Amino acid sequence: MGKKKGKKEKKVKGAEKTAMKTEKKAEKKLKKLLQKKGEKDIEAMIAELANQKRPLKEEKCPPPSPRCNMSLTAHPDKDELFMFGGEFFSGNNTTVYDDFLTYHIKTNEWTRQTLPVMPPPRCSHQVVAVRQGGGQLWLFGGEFSSPSQSQFYHYNDLWVYHIKDKTWTKIDSPGAPSPRSGHRMVQVKKLLIIFGGFRDNARDYHYFNDVHAFNLETYAWVKLDIQGTPPSPRSGFVMAPCTDPPLINIYGGYCKEKVKRDSVMGRTHADMFALMPENKQESTPLSWKWVSLKQSGYRPSPRCACSVVTTVGNRAIIFGGVYDHQDEDDEDSDINGTFFNEMFSLEVERGKWHEMLIQDKKQSTEKKRRRRKEKGTKEEGDTDDEMMEEVESLCVAETSSVFNVQPGSSENFTPSARMNPAMTIRNGVLYLYGGVIEEGEKQFTMSDFYSLDLHKLDKWQVLIADESNSKIWVESDSSDDEDVAMEGDEDSESSSSSSSDEDDEMDISDNAPSISAGESLDEYFERSKESWVAKAEAVAQKEGLNVKPKQMVKAARNMAAEFYQQHQ
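Each residue of the sequence shown is one higher than the last, beginning at 1 in the UniProt record's numbering.
No wet-lab data here; the hints were simulated from the structure. Given the structure is predicted, the values throughout are model-derived calculations rather than measurements. Here a beta-carbon is modelled for each residue, glycine too, at the ideal position from N, C-alpha and C.
27 Å max Cα-Cα, derived DSS-like pairs, lysine-lysine: (1) Lys289 <-> Lys256; (2) Lys459 <-> Lys352; (3) Lys223 <-> Lys289; (4) Lys78 <-> Lys164; (5) Lys78 <-> Lys57; (6) Lys535 <-> Lys442; (7) Lys106 <-> Lys164; (8) Lys106 <-> Lys57; (9) Lys352 <-> Lys280; (10) Lys78 <-> Lys60; (11) Lys223 <-> Lys280; (12) Lys189 <-> Lys352; (13) Lys294 <-> Lys352; (14) Lys40 <-> Lys170; (15) Lys189 <-> Lys223; (16) Lys190 <-> Lys280; (17) Lys164 <-> Lys57; (18) Lys189 <-> Lys289; (19) Lys60 <-> Lys106; (20) Lys456 <-> Lys352; (21) Lys78 <-> Lys190; (22) Lys78 <-> Lys106; (23) Lys442 <-> Lys529; (24) Lys166 <-> Lys106.
FRET-style restraints, in silico, Cβ to Cβ: (25) Pro76 <-> Arg527: 56 to 62 Å; (26) Ala44 <-> Glu439: 32 to 38 Å; (27) Gly134 <-> Asn215: 17 to 23 Å; (28) Glu439 <-> Glu217: 46 to 52 Å.
Sequences are here, hints too, so could you generate the full structure?
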């Protein structure tokens, strides 16, 4: 028995040693890449940003710039919305924000608060508003990315913003969840409940399905005793609380799964679970259980990265999202996303879905009048209130499976399809801001802003229009992308250093297809794609690099872009 134990210990130590060696190689490789890019270490960037001296200032400002993965939270008592953070990717550069903005609903104005102490820049965090102490915003987690997206940092810090005093305070309490983003956080009684999320540092990844609770009275993390089978690890899911009875509904989400030793594929979930306390009367319940819920009604197709808000009657509303398609038999195949602009309502306790459609009240009234005329019904006796009541009943009347909304005119406006917009509710009005849409390999970030009266469901109000013509996308620099797409292992890097130096001096214009007059880059690459892919394959073969087909096409496009720019 002693020998066996000794062998096992040696195997464990050997595995740990290999892992440490691999990590050191990765760090060495990253340092070289950062030196080439002229980019600082990410922790140094965050420390520098956190130590900035900011004067106390609040001033009017323009609406927020394009962004996604920010938080938009309604004031618990006033007609104000708070926006924090978010990110913007231009195609070759990422910006992560620490803006703290307030939208004043009555005046349709924005103000920016600059405070001496604030959370550092982040995206994909969570914020919950509570009424206690004159109104508070609680913020947990999120991530920060370097401009080149070669470095990522995940937070596990907890902050509270005191609305009345206009101050941020960092809460230092032991037992916090591990660093993560893409998680969800809700309030149930006197607890903040956090579930799921992920951590990805570009070298490895980890998805979570753990549950953590923070006591709003004692300002301490508390351990929950949870029975039952939990959902599988995931991020980007729907998490909606129910107040009476107290429970939390978890729907869908996304994760990466290993399909082979060195390859992964994304998976979009469409299952549903309820997390509920064993004792529903306690203000800070510590014993909980997981229950699998059977869904019913008009179910949405599988999707993730949609936005969710909860409203009266223990209902949740979701909008948007994306479903990624990939050939399961070919992990190198392109990922194609289907984006949505549908809206659904969910009965949180029952797991019952309803589709929500916009119905123009004027068109509804005219159709009703025509029907009455056809039946010989007089309409003089109908009051405005009666008409409005009938129209509203058309909008929200419930049948056995869906909201009983007659399909409106195709001209009824709905915000365009997107993922990761910000969404909140104030006084029965839903607000939707920004998000992301992909067109081919391009990713466009939005800055449009809308509102929808949930009592009427008759029209989306455009607060800031979608300026599609001004979408920003910059082709990435070829040298930076080739560092990522064609990076080999340490041995091949050292053995081929002399040949790579020669390649740096090699003229990519040798035998390159000529550019036609007035031809755009997209048109040029589409016409000459085969030639540039052959050039990229030749470079990869010379360097002894194993490059996936999708990365090869990307490298070929970068080479073509460099040639195109040189000859304009």
